Amino acid sequence: MRSEGRDTMTKKRSPIILEKLKRDSAGKLESMLAELTEVPGKPGNKPSRRRRFIASGKAHMA
Amino acid sequence: MDAHEILWTDTGPYQQRYEKTATALMAVERALHLRRPLNGGEDEFLALYTCLAAAPSETFTTIWEDPFSYFWTRLAYELTGWCLNPEPLPDVLKAYCAGLGTDEPHRALALHLEEFKKCIIALDLISGTHRRFDRPLRTELPFSIPGTSLSMLGQGSIEVVGSNGRMLEVVHNGKSLQLRAGAAVSDSDRPRLVECPLLRDQDLEIKLKPETFNLPGLDAARGFRGLSENYQVQQTELLREALALIERHQPATLEHMRELVQVIAFKPPGADEYSNVSFSDVPGAFILSAVRHPYWIADGLIHELLHNRLFFILDGGEILQDVRETAERSEFYSPWRDDLRPLSGLLHAVYVYVGVGKFWHAACASGETTGIQRQYVEDQAVRAVLQLKIGIAQLRRHARFTESGILLFRELERDVDSLAASMRKLNLSPAAPGTTARSDGQLVPFAMGNDGRPVSILYSIQSHAEKFDVHRQCANLTEILNLD
Chain A
121 MRSEGRDTMT KKRSPIILEK LKRDSAGKLE SMLAELTEVP GKPGNKPSRR RRFIASGKAH
181 MA
Chain B
3 MDAHEILWTD TGPYQQRYEK TATALMAVER ALHLRRPLNG GEDEFLALYT CLAAAPSETF
63 TTIWEDPFSY FWTRLAYELT GWCLNPEPLP DVLKAYCAGL GTDEPHRALA LHLEEFKKCI
123 IALDLISGTH RRFDRPLRTE LPFSIPGTSL SMLGQGSIEV VGSNGRMLEV VHNGKSLQLR
183 AGAAVSDSDR PRLVECPLLR DQDLEIKLKP ETFNLPGLDA ARGFRGLSEN YQVQQTELLR
243 EALALIERHQ PATLEHMREL VQVIAFKPPG ADEYSNVSFS DVPGAFILSA VRHPYWIADG
303 LIHELLHNRL FFILDGGEIL QDVRETAERS EFYSPWRDDL RPLSGLLHAV YVYVGVGKFW
363 HAACASGETT GIQRQYVEDQ AVRAVLQLKI GIAQLRRHAR FTESGILLFR ELERDVDSLA
423 ASMRKLNLSP AAPGTTARSD GQLVPFAMGN DGRPVSILYS IQSHAEKFDV HRQCANLTEI
483 LNLD
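For the protein sequence lines, the chains are A and B, in the order given. When the letters of the first sequence are read in order and numbered with the numbering used here, they come out as residues 121 to 182. When the letters of the second sequence are read in order and numbered with the numbering used here, they come out as residues 3 to 486.
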């Protein structure tokens, strides 16, 4: 089996800076805003329709 | 990036999802600012948003990576979208509105915006800020204060008026109180601010905080009813033993836990219908049954971590086609469940059991167990392979994959082939006696046959299919298992 070594891992994540994110993700932000504010039927990002999932184990415990 | 990295090693999706959620928060703020669907009822939220957005980035990130923040933002996005462009309300949103005590989405949005004050309470407690809300936060006890180790415990409703440095000003049953973390109270129904147990192990820090799941529309908190306040801290030794097993047999998983897991909540094994559970709307948190067997807990930790990881991976792009909300049917046999499952459920199961299977194979290879412990470890290693072969066959036959999903599924097929090869290399046999863990942690035979002897692992797999594969989707089970 292939190993999953630590060398491929990044270290701690960077902090989220909203102002920077606003610049870097301007396209995504506009797309989300369009989905929220424009009339239905227009193309846009649809994150709100992503399937929810509840992963519950119904264990076969003796 | 190759499929193996995407499935097992890349930590990029964690950062990307938190950033996407923060972008959604900004979109909600701008939409409410521009369109004012609540005719001014959103003003306090807009002012409080400005305070949170102005917080130091480390503080914002700490609060933002709490599972509550994703839960809140996703619902804020959906409720805002609904109020601006009404369309039939999805069932999940209906359940959330009902949990808030209304069936009217504008009222639900107004109440939901109030819940944002939990993030502001966190901000004020972290920064020692004095604040009085325009309107008190009216909410139900107990609740978690996101991004902190603090929860407010007690029974019934409470109004949080504001914060006074390191204390919260609240009104409970008409009486004004100031709550400071750790202050003793004589009556367990009275509101109080408590610190949850923290498990620190090298770089890992996990909060044991069941209040995280006490959210409207979520029934998960049922399993914690009546538990003593010491229940979580009583499980820390068990958790440490399980983490030591993971460090020994699958150390890379600990790195992902450090990146992803914020909260674990233990419940008694018999409480509620499920054993362990993860929610895609509460990422970075899961509930585990406190089965007193470290290998069982290690399995559960890896299992739930991987469900959470798959939530993050799928947020970047689907693997299966046609899995939009409400579009799927539960009609497929799963070797892990007694009920029929949707294909997305089978995909989740295959993914997590590949990871869990690797753990059990590493434990087998170490030779560290003897007697019935060894029998149990072997059972889990073999069972994972047989069940995975069935899961892969079901997906191969019934699922339609996206373009990128085809590559990821091929990688999962290769993973299962590797586990099957490992099973042969370790001389593990499907004919070995099936062994399982009881809810009290005792290891026992999986079942007894008519001859009074324990049934084999293979027999238990075949029996499950005979009983629960009601559409005979795996009628060619011998061919699927391919054990020659």
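Warning: the hint list may mix true and false statements.
[To be verified] Covered by chain A, according to a simulated footprint, are these stretches of chain B (three or more residues, beta-carbon under 8 Å):
{"hint": "1", "stretch": "79-92"}
{"hint": "2", "stretch": "303-316"}
{"hint": "3", "stretch": "471-481"}
Calculated from the structure, these hints are not laboratory results. No experiment lies behind these values; they were computed from the predicted model shown. Note that CB positions come from ideal geometry on N, CA and C, so glycine has one too.
Taking the hints in turn, this is what the structure says about them:
1. 79-92: Holds: 7 residues of the stretch 79-92 of chain B have a Cβ under 8 Å from chain A.
2. 303-316: With 5 residues in contact (Cβ-Cβ under 8 Å with chain A), the coverage given for the stretch 303-316 of chain B holds.
3. 471-481: violated (count 0)
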